[in-house]
Every structure is written in C-alpha cells, then in structure tokens.
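Using the sequences and the hints given, assemble the complete structure.
Number of protein chains: 2
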Amino acid sequence: MADKARLSLNQMTTANWSVAQAVDGCVRHGVPAIALWRHKIQDAGIDACVRLTRDAGLHVSSVCRGGMFPAPAEQERRKKIEDNLRAADEAAALGADSLVMVVGGCAGIDLDDARKMVADGVAALVPYARERGVRIGLEPLHPMYAADRSVLNTIGQALEMASYYTANEVGVILDTFHIWWDPRVTELIAQAAGRIYGFHVSDWLNPLPDVLLGRGLMGDGVIDNPGLRALVEQAGYSGPIEVEIFNQALWDADPDAVLAQVIERFEKFV
Amino acid sequence: MADKARLSLNQMTTANWSVAQAVDGCVRHGVPAIALWRHKIQDAGIDACVRLTRDAGLHVSSVCRGGMFPAPAEQERRKKIEDNLRAADEAAALGADSLVMVVGGCAGIDLDDARKMVADGVAALVPYARERGVRIGLEPLHPMYAADRSVLNTIGQALEMASYYTANEVGVILDTFHIWWDPRVTELIAQAAGRIYGFHVSDWLNPLPDVLLGRGLMGDGVIDNPGLRALVEQAGYSGPIEVEIFNQALWDADPDAVLAQVIERFEKFV
Numbered sequence: 090m091a092d093k094a095r096l097s098l099n100q101m102t103t104a105n106w107s108v109a110q111a112v113d114g115c116v117r118h119g120v121p122a123i124a125l126w127r128h129k130i131q132d133a134g135i136d137a138c139v140r141l142t143r144d145a146g147l148h149v150s151s152v153c154r155g156g157m158f159p160a161p162a163e164q165e166r167r168k169k170i171e172d173n174l175r176a177a178d179e180a181a182a183l184g185a186d187s188l189v190m191v192v193g194g195c196a197g198i199d200l201d202d203a204r205k206m207v208a209d210g211v212a213a214l215v216p217y218a219r220e221r222g223v224r225i226g227l228e229p230l231h232p233m234y235a236a237d238r239s240v241l242n243t244i245g246q247a248l249e250m251a252s253y254y255t256a257n258e259v260g261v262i263l264d265t266f267h268i269w270w271d272p273r274v275t276e277l278i279a280q281a282a283g284r285i286y287g288f289h290v291s292d293w294l295n296p297l298p299d300v301l302l303g304r305g306l307m308g309d310g311v312i313d314n315p316g317l318r319a320l321v322e323q324a325g326y327s328g329p330i331e332v333e334i335f336n337q338a339l340w341d342a343d344p345d346a347v348l349a350q351v352i353e354r355f356e357k358f359v
Numbered sequence: 090m091a092d093k094a095r096l097s098l099n100q101m102t103t104a105n106w107s108v109a110q111a112v113d114g115c116v117r118h119g120v121p122a123i124a125l126w127r128h129k130i131q132d133a134g135i136d137a138c139v140r141l142t143r144d145a146g147l148h149v150s151s152v153c154r155g156g157m158f159p160a161p162a163e164q165e166r167r168k169k170i171e172d173n174l175r176a177a178d179e180a181a182a183l184g185a186d187s188l189v190m191v192v193g194g195c196a197g198i199d200l201d202d203a204r205k206m207v208a209d210g211v212a213a214l215v216p217y218a219r220e221r222g223v224r225i226g227l228e229p230l231h232p233m234y235a236a237d238r239s240v241l242n243t244i245g246q247a248l249e250m251a252s253y254y255t256a257n258e259v260g261v262i263l264d265t266f267h268i269w270w271d272p273r274v275t276e277l278i279a280q281a282a283g284r285i286y287g288f289h290v291s292d293w294l295n296p297l298p299d300v301l302l303g304r305g306l307m308g309d310g311v312i313d314n315p316g317l318r319a320l321v322e323q324a325g326y327s328g329p330i331e332v333e334i335f336n337q338a339l340w341d342a343d344p345d346a347v348l349a350q351v352i353e354r355f356e357k358f359v
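Chains X and D are the protein sequences, given in the same order. Here the numbering used here runs 89 ahead of the position in the first sequence, where the first position is 1. Here the numbering used here runs 89 ahead of the position in the second sequence, where the first position is 1.
One or more of the hints may lead you astray.
Since the list gives no way to pick out one identical chain from another, each pair is judged satisfied if it fits inside one copy or across any two copies.
[Claimed, not checked] Here are the computed lysine to any residue pairs in the SDA-like style, where the Cα-Cα straight-line distance is at most 25 Å:
| # | residue 1 | residue 2 |
| --- | --- | --- |
| 1 | K205 | G316 |
| 2 | K205 | R273 |
| 3 | K169 | G134 |
| 4 | K93 | D343 |
| 5 | K357 | D201 |
| 6 | K205 | R318 |
| 7 | K129 | H148 |
| 8 | K169 | N295 |
| 9 | K205 | Q280 |
| 10 | K205 | P315 |
| 11 | K205 | D309 |
| 12 | K357 | A196 |
| 13 | K357 | G197 |
| 14 | K169 | A196 |
| 15 | K205 | P296 |
| 16 | K205 | G245 |
| 17 | K168 | E220 |
FYI, nobody ran anything at the bench for these hints, they're computed from the structure. These numbers come from a predicted model, not from an experiment.
Below, the structure written as structure tokens:
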C-alpha cells in the first residue's frame, strides 16, 4: 500500500548495525532514507556519517534524539541543554529533516515541574537550532513512558508546546505506536497541519510483550497504520515514513533479513 | 494524610481472599468499605455477599466490573449486555455506590467500531440500571490497555460518553494509576464535578515491572496521590477511596499483612 520511495529506516530497527552497515543495507535494499541515532553517530564520528550518507545518496529523515531535559539540579539541566546544542550541530551537518525530541520523564521530579523544565529546555534550544536551519520535532510518547522517558504524551500537548514558535522552528513527530489509542487523534492530526515533521510506523502487539522492547512489525498488531497515514497525508505531510521498531527478537535476528521484512510489511500494511 | 474512614478495600488488592475473608479482614482492620469483584461474588453467591457485608456493617463502594462490550458478532455483543444486566442486579442487591465499567478493548475489532459498541452497550444498560437505582461508573483505563481491556482511555472521553445521561445515571471512576499522566488532568477533574462516582489509588512504579500486575503501593512510585485527591475533593467528591492494586508480589504475600500495609500507606501517602 505504501510506496517504498517513502520508506526511511530508523536505525533502531536494526540496532546491531553501525551507521556504515545501516547505510549499506539501505543502499542494497533500495531504501532511500535513514534516521540516525546519536550513540551510533558518536561511534562512527559525525564526519564519517555525513560522508557515508551523502556518498550513498541517502536522505536523513531525522536525528534521534535530543531532549531528556528534566533533572533535579540546575547544573544538570544546563548540561542537558548543552548536549542538545551538540545534537543540533549533528542534525545540521547531516541535513536532517528534524532533530527529534524525546523530552524526558518525571521520575524523581514533580510532573508539572518536569513539564516546565521541558518547555525551558526547548526554549533554550530553538534559537540555536534556528540559526543552523535545524527544525525541532517534538515527539509525543505513549503515556506509559511518562515516568521514565517523556512527559510529553499527547499530540495536543505537543501542539500547544510548539505553538510558541513558528511552523518552521518547532513541529511534531507522529509515531503510530504512541498515538493510535488517542480518542482525539483524528482532530489532532488535522490540527497539526503544517507542523508535521515526521511520521513513524510500527505496531502494537496484543498482549504487549514488553513495555520498551515489545513493538511489532506492521501487520502484527492492532494499529490501523494505513488509516493514520491517510490522516497525516490529509494534513499535508508527504515526507519520509520511518519504520522504528524496538523489539528484542528483531534485534537478535539477522539485520539484513529484518530489513527485507520491514520493506515487505511497509508495502503491505502501511 | 488521608483518613482511614475514607478507605475502601478493593478486593483485587487481596486477590486470594474470598468475599467472606475480605469482609472479615476489613472488620478486623477497621476498614469501613469494600469493593467486590464479580468472580468472587459468583464464588460466594450474591445472597451470602449481601448478608456478609450487611452484617459486618460494611459499605460497598463498587461492584467490579461490568463492560467488556465489544465483540465481532452481534449475538456475542447481546450476550455481553445480558451479563451487564446481571451485574446491575448484583450492584443493586449490594447497595453499591456504582457498577464500574471496564468497557473492553479493540483487539480484533476496528478501534472506532469498538468505541461505538461501547456506547451502544452503555445505552442498553442504563435504562435497566436506572430502574434499579444503580449508577454506571465509566472508568477510563490507561491507554496501554486500549487493545485488551478498555478503549475508554481519558477522563475527557468518559465525560463525553456520560454527557448523554443525567449525573445520577452515568458518571466516572477516577483511578490515579490510569489518569496521572494526562496533561489535561486538572481541568478534566474539575469538569467531572457532580459525576465522580469513585476514586481509586495505587502507584506507578518506575520502571514498570509488568503491564497488568505491576501496580505499586502508594508511596512506592511517581504518582502524586495527595495532589489528585485534592483535585477530586475540590470537584466535590467526598466518598470512599478505593485502594486497588494488581500486583503479583502482593498477591503472593499474606493478605492480612498486605491489608495492614495498605492502611499504613493510605494514611501516609494518600
């Protein structure tokens, strides 16, 4: 159903591959775009990553991830913001569509305070990113990650946070795993028009095998990926569609076979 | 912080106790109210349950649970509605504050269709319940249960569904485990004024040990139970506060010791 020309391999789907291996995999399988993770970028070095993706003609749909702003101590929060500036440098060097924000959880911090720290962190990051032409993509994460990963949990909340900036500075990343359940998903995706910086797909397995590493391949779960894709396209988004699957069984398998399966499922179930 | 006079033992917290044992436990520990589960009611027989709670002078804060409406086949859906009528009979016999709805998940059914089936199921149940003086308490469950347990996932959605009925017919059950993460929780609890039929507490452990059986005792996790209690009380609710903890470790422990600990945590962390 979805055109492979829209596919982007989010590197965590084949977590055991280095940047060089993932780039090579995309080339061999005819996947035109890739999303790189920062720990993998560190391993390879940013210059090598720029050269590898450019030489392969791969589009970089996103750099994952900035964010993780909340911390009890002021000094620690400053350090986290500093790290986000480095992430913006990397996104700029790679020409990525956006720098994805996983904003951080509230464990050890009052929930409202954590949300304020996120707003402050984004405010500190935007001017720096703007100068470098880097757009900030706020990704609402499923509410089950509010304690440990992200206090940004709905599209509505992400749009509110983005509203303080222009549509070229801050937008949203819509991942079907995180948003599929939302009773307001139809109206909220429509409201996101002009601010959708990325679209991610996977599936929700039932029962959920693991809170973090239990995402499924499209077609194996309950998510209506084609329906959500239609809403996102009605809202004007026509960019890359990242397949981002955190799944221990996929990580234990041969990444080359996983990528082949990802493509098959993408064409059938997205 | 909370007064024990407000405490209700939700029977699933001491899942290995029969109704007779749970009633006896409440009496010995000075807990004035109890919430009964239907499979335990079946085991004991409804007449015995009525006699046991009445003789013990225990208030029945709720009967858990009706709902589970969605099903692919019409005949199956009718059977489920029929079962809800029996649940209303039990709630009436026990003089429960409400019959709690865990409305059912969407696995095997389109999400929008499942939500319509829930609305239809509630519509079929309300007239019968009204005649018997039974109030229907819609409990929004955490979004991580949308596939397997409940497509009703936010307070806003529950209030919308309740709005078709009077405030004496259909209301909401607010459980901190399910709602704590919601960025709109403050405004939504205020909007629920006059329709709050029950308030449940437990805690969200970080990391979450298990999707279903990983709830924690109050004080062991990230939830601001006193803050949410204050919001619920500002909205006018002054009824029983149920402690409902699905936790394998607690179930494996001595129920009597668990109840003592529940009381201690209730007075300290709610």
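Outcome of the hint check:
1. K205 - G316: between (34 Å within a copy, 17 Å between copies)
2. K205 - R273: both (24 Å within a copy, 15 Å between copies)
3. K169 - G134: Within one copy only: 20 Å inside a chain, 59 Å across chains, cut-off 25 Å.
4. K93 - D343: Within one copy only: 21 Å inside, 57 Å across.
5. K357 - D201: between (42 Å within a copy, 22 Å between copies)
6. K205 - R318: Between copies, since 22 Å is at most 25 Å while 31 Å is not.
7. K129 - H148: Classified as within: same-chain Cα gap 17 Å, cross-chain 59 Å, threshold 25 Å.
8. K169 - N295: between (36 Å within a copy, 21 Å between copies)
9. K205 - Q280: both (23 Å within a copy, 24 Å between copies)
10. K205 - P315: between (35 Å within a copy, 21 Å between copies)
11. K205 - D309: Answer is between: at 24 Å across copies they meet the 25 Å cutoff, but 37 Å inside does not.
12. K357 - A196: between (39 Å within a copy, 20 Å between copies)
13. K357 - G197: between (43 Å within a copy, 18 Å between copies)
14. K169 - A196: within (16 Å within a copy, 40 Å between copies)
15. K205 - P296: So K205 and P296 pass the 25 Å test across copies only (23 Å; inside, 34 Å).
16. K205 - G245: both (16 Å within a copy, 23 Å between copies)
17. K168 - E220: within (20 Å within a copy, 63 Å between copies)
Of the hints listed earlier, there is not a single one the structure fails to meet.
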